[in-house]
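Go by the hints and put chain B onto chain A.
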Amino acid sequence: MTVIAVDRDSAALTLTIVSEFGAPVERVWQVWADPRQLERWWGPPNYPATVVDHDLTNGGRVTYYMTGPDGEKLHGWWRIISVDPPRSLEFEEGCGPPNEDLPATTAEVRLVETPAKTTMTIITRFASIADMEQLLGIGKGEGTRLAVGQIDAILAITTAS
Amino acid sequence: MSGLARLYPMSTTAVQKHVAVLEDAGLVHLTRHGREQLVKTEIDTIAKAQALLAEFELLWRGRLDRIGDVLANRLGGDRS
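Just so you know, the protein sequences line up as chains A and B, in that order. Read left to right, the first sequence gives residues 1 to 161 (the working numbering). Read left to right, the second sequence gives residues 162 to 241 (the working numbering).
Same shape as in the complex, but just chain A (with noise of 0.2 Å):
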């Protein structure tokens, strides 16, 4: 795997991630399509997820909880915008109890293959910084976040390129 491009837009709260793998695209593909696959790569070691629901039609859910060292669970959901096997997957996502109210934030998946290996785009889009702040909580679980100086030694690598 290789990360061959990162966007980051403060205006927009916009991240874009471009990365490589060695891989057919079907076969990419798979790691989102296949919950136990999913389960794998999701949460973080020490938050590792479990998938309860894994609907992968227009309009279906993904749910699913991560379990921290002392056992807490931390639960999430996707709601499926659009989906194209093997090429295409866009949803909202968030933690907590589905909330059809609120801005959501907005994951795009975008695979491509070329000779020998896959492209995958990944778009993510927040509603608001809190929303940021929210997800993080169950992106990384608690008591993971990141100290500051690393985060100054990601910004300096990108303000740099």
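These are calculated hints, taken from the structure and not from any lab test. Be aware that one or more of the hints could be misleading.
To spell it out: a stretch of chain A is covered by chain B in this simulated footprint if at least three of its residues, at any positions, have a beta carbon under 8 Å from a beta carbon of chain B; those stretches are [stated by the list, open to error]:
#: 1; stretch: 41 to 47
#: 2; stretch: 80 to 91
Stretches of chain B that chain A covers, calculated by requiring three or more beta carbons in the stretch to come under 8 Å of a beta carbon on chain A [claimed, not checked]:
#: 3; stretch: 163 to 175
#: 4; stretch: 191 to 205
#: 5; stretch: 227 to 233
Below are the SDA-like pairs computed for lysine to any residue, each with C-alpha atoms no more than 25 Å apart in a straight line [stated by the list, open to error]:
#: 6; chain 1: A; residue 1: 117; chain 2: B; residue 2: 201
#: 7; chain 1: B; residue 1: 201; chain 2: A; residue 2: 130
#: 8; chain 1: B; residue 1: 209; chain 2: A; residue 2: 83
#: 9; chain 1: A; residue 1: 117; chain 2: B; residue 2: 234
#: 10; chain 1: A; residue 1: 73; chain 2: A; residue 2: 36
#: 11; chain 1: B; residue 1: 201; chain 2: A; residue 2: 108
The structure presented is a predicted model; accordingly, all values stated were derived computationally and were not measured. Cβ atoms here follow ideal geometry from the backbone N, Cα and C, with glycine treated the same way.
What follows is chain B alone, placed relative to chain A:
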């Protein structure tokens, strides 16, 4: 606003549109001062957005590394 427009090779109207987008995003704050409209940058908001985006970038880099591991494991997906 008009002073700002002079700094860029675009019309005042175009600059106003850009500023409106930045204001919606909470990145600038507009105040009226007599006939002039002042544009103040919300540095804290920009810095906070950048820091949060950096956190999500690291979160995704972790996930992408793990996807690489899943793909490298030929038994990937068979684990129950």
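Here is what the structure says about each hint:
Look at the stretch 41 to 47 of chain A against chain B: 3 of its residues bring a Cβ nearer than 8 Å to a Cβ of that chain, three or more, so the hint holds. Coverage of a stretch by a chain is defined here by at least three residues with a beta carbon nearer than 8 Å to that chain's beta carbons; for the stretch 80 to 91 of chain A and chain B the count is 0, and the condition is violated. Closer than 8 Å: that is the beta-carbon criterion, and the stretch 163 to 175 of chain B has 0 residues meeting it against chain A, so the requirement of 3 is violated. Counting residues of the stretch 191 to 205 of chain B whose C-beta lies closer than 8 Å to any C-beta of chain A gives 0; at least three are required, and the coverage claim is violated.
Evaluation of the coverage hint for the stretch 227 to 233 of chain B: fulfilled, as 6 residues show C-beta separations to chain A shorter than 8 Å, against a requirement of three. For the suggested pair residue 117 of chain A and residue 201 of chain B, the alpha carbons sit about 46 Å apart, so the restraint of at most 25 Å is broken. Only pairs whose Cα atoms come within 25 Å are accepted, and residue 201 of chain B paired with residue 130 of chain A is accepted, the gap being roughly 22 Å. With a C-alpha separation of about 32 Å, the suggested pairing of residue 209 of chain B with residue 83 of chain A is violated against the 25 Å cut-off.
Simply put, residue 117 of chain A and residue 234 of chain B have alpha-carbon atoms about 16 Å apart, close enough for the 25 Å limit, and the pair holds. This hinted pair checks out: residue 73 of chain A and residue 36 of chain A have alpha carbons roughly 18 Å apart, not beyond 25 Å. Restraint check for residue 201 of chain B and residue 108 of chain A: not satisfied, since their Cα atoms lie roughly 33 Å apart, outside the 25 Å limit.
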